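Could you build the full structure based on these sequences and the hints that come with them?
Just so we're aligned: 53 in my numbering is position 72 of the sequence shown, and the numbers increase by one with no gaps anywhere.
Just so you know, not all the hints are guaranteed correct.
What the hints assert, rightly or not - Here are the simulated lysine to aspartate or glutamate pairs, DMTMM-like style, with alpha carbons at most 25 Å apart:
(1) 35 with 253
(2) 344 with 272
(3) -17 with 3
(4) 196 with 4
(5) 36 with 272
These are calculated hints, taken from the structure and not from any lab test.
Predicted, not measured: the structure shown is a model, and the values here were computed from it.
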Amino acid sequence: MKLKVAPHISTLVPYPPGKPIEELEREYGLTGSIKLASNENAWGPSPMAVEAIKKALQNLHRYPDGSCYYLAQSLAGKLGVKPEEIVFGNGSNEIIGLLIAAFLQPGEEVITSHPTFLMYQKLVQVQGGGNKVVELAAGMHHDLKAILGAVSAKTRMVFLDNPNNPTGTIIDRDDFASFMEQLPQGIIVVLDEAYVDFMDPERRIDVQAYIRGGKPVAALRTFSKAYGLSGLRLGYGIMDVDMAGYLNRIRQPFNVNSLAQVGGVAALEDDEHYRMTLQKSRDGIAGLRREVAKLGCRPMETQTNFFLIDVNGDARELYEHMLHQGVIVRPMQAYGYPNYIRITVGRAHENQRFVETLAKSLKELGYG
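Set out below in structure tokens:
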């Protein structure tokens, strides 16, 4: 029997996740591999979060709190917002999907940049919406002027990844203020701040000020990066109470599992682990960029826990070559950068192994 599938679903291309270590070692018969490909936290979750999760295991036969009450109270206090201004999701990806489902109507479109996080366009396509793509400006920054020029009567939403994934670049605060002044009323701006914790605090956009000022702005954040809880899938959005209310109407009733909730509360209490993660990430990035430059490659600047590297050759070939040596990085051809790889900062021994493997691969492939 041939299934009848909606055209916008039949043409949807699945998201390509980073290769898991287990899969690599099965395929190549390796052990002791390292993965620096998915922008994960190399130092893992807070020990306090781990202990809280262990204690919660005995209650797995119970449904989780559908309102995430204690997590909302804890996070609201941390951020200085109302609990009602926060929407939790099974990763921030879910919040992206909820925003699109709630506010994008048939015939309307969303503006995104290229390259940026691939899921924006995919989730718009899932809802049958239109995607309008604007190329990044010189220096791999969001081209806010070009985005304004792309706005039409059909434009309903604009997604801006800040810092941008995969480039690690950020939006200037003054440029964003000017952008918001010129943007027609009624267009929702979604700032994806998954990596905001790694940014210089002085360069962050004050999203709450725009929300308090009545602007239709939402910020997306996650516990996957700085808090090291990727495996539990916990993200959230900060937005106006009315906007949050509509998302809560359409989300699944138990979309955040109980382990994610207790782990999130405990992670928020462990400031020492949080600060350690950020400091080690910054130090590791600085060291990696120095070593990569010595090899004749061009490391890009970043405000995240990852950065791009121009390898002066075929990044896909380099990626495959490094896989055979048990090192997983991310080739960027799917994002339109065939000569770039993306590397996530790791622990000191992982960073050293990456540099050594990169040097060996560059030499054997004749790059540099």
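- prompt: Failing hints, ascending?
  reply: 3, 4 and 5
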